[in-house]
Amino acid sequence: MPKRALVALALVLAASYGLHAQQVTYDRILRAAEEPQNWLTYSGGYFSQRYSSLKQIDTSNVRNLEIKWILPNQVFGAWQASPLVVDGIMYLTMRPNDIVAVDAKSGRVFWQYRYTNSPDQRVCCGSNNRGVAILGDTLYMATLDAHLVAVDAKTGRLLWNVEAGDPKLGYSMTLSPLVVKDKVIVGVGGGEYGIRGFLAAHDAHTGKELWRTYTIPGPGEKGHDSWRGEDWMHGGGSIWVTGSYDPALNLTYWGVGNPGPDWTPAQRPGDNLYTDSVIALDPETGAIKWHYQFTPNDGYDYDSVQVPVLADIDFRGTPTKAMMWANRNGFFYVLDRATGKFLSGTPFVKVNWASGHDANGRPIPTPQPTGMPTFPGNQGGTNWFSPSYSPRTGLFYVSAWLDYASIYRRQEVQYSAGRTFAGAFPITLTPVPGAPAPGIGRARPINNWTDAVAHGAVLAIDPKTGQQKWRFDQFDVTESGNLTTGGDLLFTGGREGYFYALDARTGAMLYRSTVGGQIANGPMTYSVDGKQYVAVISGNSLIVYGLRE
Amino acid sequence: MVSFARAVLIAVACLVMAFAARVGAQQNPQEHPGQYSQADVEAGSRLYSAQCQLCHGLTGDQVTGIDLRRGQFRRVSSDEDLARVITTGVQGTAMPPFALQPTEVNSVIAFIRAGFDPAGTAVKVGNAARGRELFAGKGACASCHRVNGRGPRVAPDLSDVGAVRSPGSLQRSVLDPSSQMMPINRPVRIVMKDGKTIAGRRLNEDTFTVQVIDEQERLVSVDKSGIKSMTVETKSSMPAYQGKLTADEISDVIAYLLTLRG
Numbered sequence: 001m002p003k004r005a006l007v008a009l010a011l012v013l014a015a016s017y018g019l020h021a022q023q024v025t026y027d028r029i030l031r032a033a034e035e036p037q038n039w040l041t042y043s044g045g046y047f048s049q050r051y052s053s054l055k056q057i058d059t060s061n062v063r064n065l066e067i068k069w070i071l072p073n074q075v076f077g078a079w080q081a082s083p084l085v086v087d088g089i090m091y092l093t094m095r096p097n098d099i100v101a102v103d104a105k106s107g108r109v110f111w112q113y114r115y116t117n118s119p120d121q122r123v124c125c126g127s128n129n130r131g132v133a134i135l136g137d138t139l140y141m142a143t144l145d146a147h148l149v150a151v152d153a154k155t156g157r158l159l160w161n162v163e164a165g166d167p168k169l170g171y172s173m174t175l176s177p178l179v180v181k182d183k184v185i186v187g188v189g190g191g192e193y194g195i196r197g198f199l200a201a202h203d204a205h206t207g208k209e210l211w212r213t214y215t216i217p218g219p220g221e222k223g224h225d226s227w228r229g230e231d232w233m234h235g236g237g238s239i240w241v242t243g244s245y246d247p248a249l250n251l252t253y254w255g256v257g258n259p260g261p262d263w264t265p266a267q268r269p270g271d272n273l274y275t276d277s278v279i280a281l282d283p284e285t286g287a288i289k290w291h292y293q294f295t296p297n298d299g300y301d302y303d304s305v306q307v308p309v310l311a312d313i314d315f316r317g318t319p320t321k322a323m324m325w326a327n328r329n330g331f332f333y334v335l336d337r338a339t340g341k342f343l344s345g346t347p348f349v350k351v352n353w354a355s356g357h358d359a360n361g362r363p364i365p366t367p368q369p370t371g372m373p374t375f376p377g378n379q380g381g382t383n384w385f386s387p388s389y390s391p392r393t394g395l396f397y398v399s400a401w402l403d404y405a406s407i408y409r410r411q412e413v414q415y416s417a418g419r420t421f422a423g424a425f426p427i428t429l430t431p432v433p434g435a436p437a438p439g440i441g442r443a444r445p446i447n448n449w450t451d452a453v454a455h456g457a458v459l460a461i462d463p464k465t466g467q468q469k470w471r472f473d474q475f476d477v478t479e480s481g482n483l484t485t486g487g488d489l490l491f492t493g494g495r496e497g498y499f500y501a502l503d504a505r506t507g508a509m510l511y512r513s514t515v516g517g518q519i520a521n522g523p524m525t526y527s528v529d530g531k532q533y534v535a536v537i538s539g540n541s542l543i544v545y546g547l548r549e
Numbered sequence: 001m002v003s004f005a006r007a008v009l010i011a012v013a014c015l016v017m018a019f020a021a022r023v024g025a026q027q028n029p030q031e032h033p034g035q036y037s038q039a040d041v042e043a044g045s046r047l048y049s050a051q052c053q054l055c056h057g058l059t060g061d062q063v064t065g066i067d068l069r070r071g072q073f074r075r076v077s078s079d080e081d082l083a084r085v086i087t088t089g090v091q092g093t094a095m096p097p098f099a100l101q102p103t104e105v106n107s108v109i110a111f112i113r114a115g116f117d118p119a120g121t122a123v124k125v126g127n128a129a130r131g132r133e134l135f136a137g138k139g140a141c142a143s144c145h146r147v148n149g150r151g152p153r154v155a156p157d158l159s160d161v162g163a164v165r166s167p168g169s170l171q172r173s174v175l176d177p178s179s180q181m182m183p184i185n186r187p188v189r190i191v192m193k194d195g196k197t198i199a200g201r202r203l204n205e206d207t208f209t210v211q212v213i214d215e216q217e218r219l220v221s222v223d224k225s226g227i228k229s230m231t232v233e234t235k236s237s238m239p240a241y242q243g244k245l246t247a248d249e250i251s252d253v254i255a256y257l258l259t260l261r262g
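From first to last, the protein sequence lines are chains A and B. Just so it is clear: in the first sequence, position 2 is 2 by this note's numbering, and no numbers are missing. Just so it is clear: in the second sequence, position 44 is 44 by this note's numbering, and no numbers are missing.
No lab work stands behind these hints: they were computed from the structure. Think of the CB as a built atom: it goes at the ideal place given N, C-alpha and C, for glycine as much as any other residue. Please note: incorrect hints may appear among the correct ones.
Said to hold, decoys possible - List of simulated lysine to any residue pairs, SDA-like, C-alpha gap at most 25 Å:
#	chain 1	residue 1	chain 2	residue 2
1	B	LYS235	A	PHE475
2	B	LYS235	A	THR430
3	B	LYS228	A	LYS222
4	A	LYS321	A	GLY516
5	B	LYS224	A	PRO296
6	A	LYS168	B	GLN51
7	B	LYS235	A	LYS208
8	B	LYS224	A	THR506
9	B	LYS244	A	GLU66
10	B	LYS193	A	ALA508
11	A	LYS289	A	GLY340
12	B	LYS224	A	GLY516
13	A	LYS350	A	GLN468
14	B	LYS193	A	LEU510
15	B	LYS196	A	GLY340
16	A	LYS208	A	GLN267
17	A	LYS341	A	GLN267
18	A	LYS289	A	ARG212
19	A	LYS168	B	MET95
20	B	LYS224	A	ASN64
21	A	LYS168	B	ALA39
22	A	LYS168	B	LYS196
23	B	LYS244	B	SER37
24	A	LYS321	A	ASP282
25	B	LYS224	A	LEU402
26	A	LYS222	A	GLN267
27	B	LYS235	A	LEU429
28	A	LYS168	B	ASN204
29	B	LYS228	A	LYS168
Claimed, not checked - Chain A is nowhere near these chain B residues, computed Cβ spacing over 10 Å in every case:
#	residue
30	GLN101
31	ARG189
32	ASP194
33	ARG201
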């Protein structure tokens, strides 16, 4: 080989080495905890603890936080996205389906990718998107019209775009995808439109669907007998929040949404598997290895789409591969994530739809008489907002709605393709009939329901006992996610426009910043050039904090 | 002169009638003059699902500019207007005429007026012009409530009350104000740690602050860290209009209030 060609080859190799050095390999995602300066998945790592070992900002200096930069979105509405940060670059989705690449130190934008949704797209509850996933130099975004798109992380150029579900039938996607090995895993929303929910894995290079596992088993499949007749065809079971993965067990865990129609359980007798369940799947094949159903034959819209939080803990004297789950139905669960075995279920808010669980972990239902309130109400004891687990404190943290109930009305509904298939919308229990009630999001800066209808709190729960260790009360309800750090801090927000740093061990408020808009995303943290930052979204602004210098 | 036996008979008959009326009232506690029957509301709920939901949607707000559940319309105000639109449609729009029986039309209106609650109360909506006169005159509502920039600020400003309250809620407010006072409007009495007292109507509250309009119509924002005690009253100072206005007059006042949309 001529000398010049050798030099050229060396240059190419060097260039590609440089390129590869920046790539987010599967191995890097596996070991995300070893590079806490980055935030590589929706919840910060496969165990979905929304915990970072970064500790430059800690309980002693958090009062010195200041705003470093702000990035506004041009679109109004609850901005629920969780950013990723890779080697100083932040990747973030903006409502409805734009992606931006931002200098994580300065907030200056490198590029913006704009996606135009099909006019057929329909979503029940807002044009939300919760963020991108990354593998190599490719970003993956699930869209409102149920497409999965791949975008070049360096240029913002579209690489491919595949339809994952039919928006005309009410399929949509709002979640951040989960990359496992060479697959991009996504679930579909549409639980209010009579969809048949599913989880699918796409080839990370081509977008080709490799497997699809329905959350509603069809004829011949295990669990199908939990449905009557053809009810399964429109049985709901959406998946709209990102799951978790245990590489040692090679199981990926996903929470499944409500059955359809939402509020008419008599219309679909049976347990309605796998709605309101957690399913554990083999990521290679999509085969369901085990499931646990939190709310059989749900009539309360208790979607179980919460983030499955994984940790290896000492559970009552036994080293346990645990899954912790504060469910929309008001119970905090600990499951054995290897087998799905129920270990404990303890109410974390007032609950009256069930009195507890039998030895097998099946809830003992106590349906309330017609016209009487059911606790927790329709939006749940908690909902999709990210919980956190700190391995340092051993506590599980969740945003909860307290003293909140709904009165359910049962009304049969007929399925019509692409139209709402839900039943009669429940009425929130208020001191005065017809008084305002907290719905999804907060459109105005006035809390006109007050704590007489519902109020929020961050709860710190000891997974060993299910008991509350401390509670940080808020006057309004909260949809904020929670972040814990190696500095023993818990970052959270709420609807009132305050951003907080709490002492993760005691719940004491150490820092409060008035940010104005509601916080409806999960705060995250990263560092660039040795400086730690904390990012949170308030209203239409992404706000990044760092220590005052 | 009426014989003693006849007088006893009349007295007994009156007692029986009064008892029957009482039992009837207990069986149908929501069926007062000026309201639709519960059966109408339920029937309306079924008719709405079958006939109207396709275009107007599950919560009645799928057509731009219209929110049936909250009584927000483009062209109509009274129940008569609603009946006309349902039976004749609206030319040049997607709203077709519906060949419904008068009782069915009545039911759909009842369901709409019940705020889409099949178990809710649906109130008859009278004449807004007459209601406006009652508001300023006989009812003396304007002596405390402000509307569109006129009147005192002691009580809540009603300029948009028609957009935020259902007819049923408005009727209950007029008949029994304390039972309907929205939690946010509750009067508060705050004693600060320095001894200063603030009394007024609550406008907003969060974890750390509370905003009130005080009795001198000043806007005051209070940091809760400086508060010694705060009492939130649940009794309204507004008089109850039960017996002060007739059922028809109250329907008219409700019609007027529903026209106030900010």
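Right, here's what the structure says about each hint:
1. Distance restraint check for LYS235 (chain B) and PHE475 (chain A): the Cα-Cα separation of roughly 22 Å lies within the 25 Å cut-off, and the hinted pair is therefore satisfied.
2. Taken as a hint, the LYS235 (chain B) and THR430 (chain A) pair is honoured in the structure, with Cα atoms around 16 Å apart against an allowance of 25 Å.
3. Annotation: proposed proximity of LYS228 (chain B) to LYS222 (chain A) is violated, straight-line Cα distance about 62 Å (limit 25 Å).
4. Distance restraint check for LYS321 (chain A) and GLY516 (chain A): the Cα-Cα separation of roughly 40 Å exceeds the 25 Å cut-off, and the hinted pair is therefore not satisfied.
5. Between LYS224 (chain B) and PRO296 (chain A) the CA atoms are separated by roughly 44 Å; this puts the pair beyond 25 Å, and the hint is violated.
6. For the given pair, LYS168 (chain A) sits about 22 Å from GLN51 (chain B) by alpha-carbon distance, which is consistent with the 25 Å threshold.
7. About 64 Å separates the Cα atoms of LYS235 (chain B) and LYS208 (chain A), which puts this hinted pair outside 25 Å; it is violated.
8. A hinted pair counts as satisfied when its Cα atoms are at most 25 Å apart, and LYS224 (chain B) with THR506 (chain A) qualifies at roughly 22 Å.
9. For the given pair, LYS244 (chain B) sits about 60 Å from GLU66 (chain A) by alpha-carbon distance, which is inconsistent with the 25 Å threshold.
10. Proximity of LYS193 (chain B) to ALA508 (chain A) is assessed by CA-CA distance (about 23 Å); at most 25 Å being required, the pair is judged to hold.
11. Between LYS289 (chain A) and GLY340 (chain A), the direct Cα distance comes to roughly 9 Å. Compliance with the 25 Å bound is thereby established for this hinted pair.
12. Under the criterion of a C-alpha separation no larger than 25 Å, the hint pairing LYS224 (chain B) with GLY516 (chain A) is consistent with the structure, at around 18 Å.
13. Between LYS350 (chain A) and GLN468 (chain A) the alpha-carbon distance is near 13 Å, which keeps this suggested pair within the 25 Å criterion.
14. Restraint check for LYS193 (chain B) and LEU510 (chain A): the C-alpha separation of about 23 Å stays at or below 25 Å, so the hint holds.
15. Between LYS196 (chain B) and GLY340 (chain A) the alpha-carbon distance is near 59 Å, which puts this suggested pair outside the 25 Å criterion.
16. Straight-line distance between C-alpha atoms of LYS208 (chain A) and GLN267 (chain A) comes to about 36 Å, which puts the hinted pair past the 25 Å bound.
17. In summary, the hint linking LYS341 (chain A) to GLN267 (chain A) is not supported, as the alpha carbons are separated by about 30 Å, beyond the 25 Å threshold.
18. Of the pairs offered as hints, the one joining LYS289 (chain A) and ARG212 (chain A) holds, with about 15 Å between alpha carbons and a cut-off of 25 Å not exceeded.
19. Using a Cα cut-off of 25 Å, the hinted pair LYS168 (chain A) and MET95 (chain B) holds, with the two alpha carbons roughly 24 Å apart.
20. A C-alpha spacing of about 23 Å is found between LYS224 (chain B) and ASN64 (chain A), which places the hinted pair at or below 25 Å, so the restraint holds.
21. Taking the CA atoms of LYS168 (chain A) and ALA39 (chain B), the gap is near 36 Å; set against the 25 Å cutoff, the hint is violated.
22. For the hint pairing LYS168 (chain A) with LYS196 (chain B), the CA-to-CA distance comes to about 62 Å; that exceeds 25 Å, so the pair is violated.
23. Between LYS244 (chain B) and SER37 (chain B) the CA atoms are separated by roughly 24 Å; this keeps the pair inside 25 Å, and the hint holds.
24. Taking the CA atoms of LYS321 (chain A) and ASP282 (chain A), the gap is about 17 Å. The hint holds against a cut of 25 Å.
25. Pair hint LYS224 (chain B) plus LEU402 (chain A) holds up; C-alpha atoms about 21 Å apart against a cutoff of 25 Å.
26. Distance hint between LYS222 (chain A) and GLN267 (chain A) is fulfilled; the C-alpha atoms sit about 21 Å from each other, no more than 25 Å.
27. Between LYS235 (chain B) and LEU429 (chain A) the CA atoms are separated by roughly 20 Å; this keeps the pair inside 25 Å, and the hint holds.
28. The suggested pairing of LYS168 (chain A) with ASN204 (chain B) is violated, with an alpha-carbon distance near 42 Å, which exceeds 25 Å.
29. The suggested pairing of LYS228 (chain B) with LYS168 (chain A) is violated, with an alpha-carbon distance near 58 Å, which exceeds 25 Å.
30. Here GLN101 (chain B) stays apart from chain A, with its beta-carbon at least about 22 Å from theirs, past the 10 Å limit.
31. Every beta carbon of chain A lies more than 10 Å from that of ARG189 (chain B), the smallest distance being close to 16 Å; the non-interface claim holds.
32. With a least beta-carbon separation of about 23 Å from chain A, ASP194 (chain B) lies farther than 10 Å from that chain, consistent with its non-interface assignment.
33. No Cβ of chain A comes within 10 Å of the Cβ of ARG201 (chain B); the nearest lies about 13 Å off, and the non-interface call holds.
In this structure, the earlier hints numbered 3, 4, 5, 7, 9, 15, 16, 17, 21, 22, 28, 29 are contradicted, and the remaining ones agree with it.
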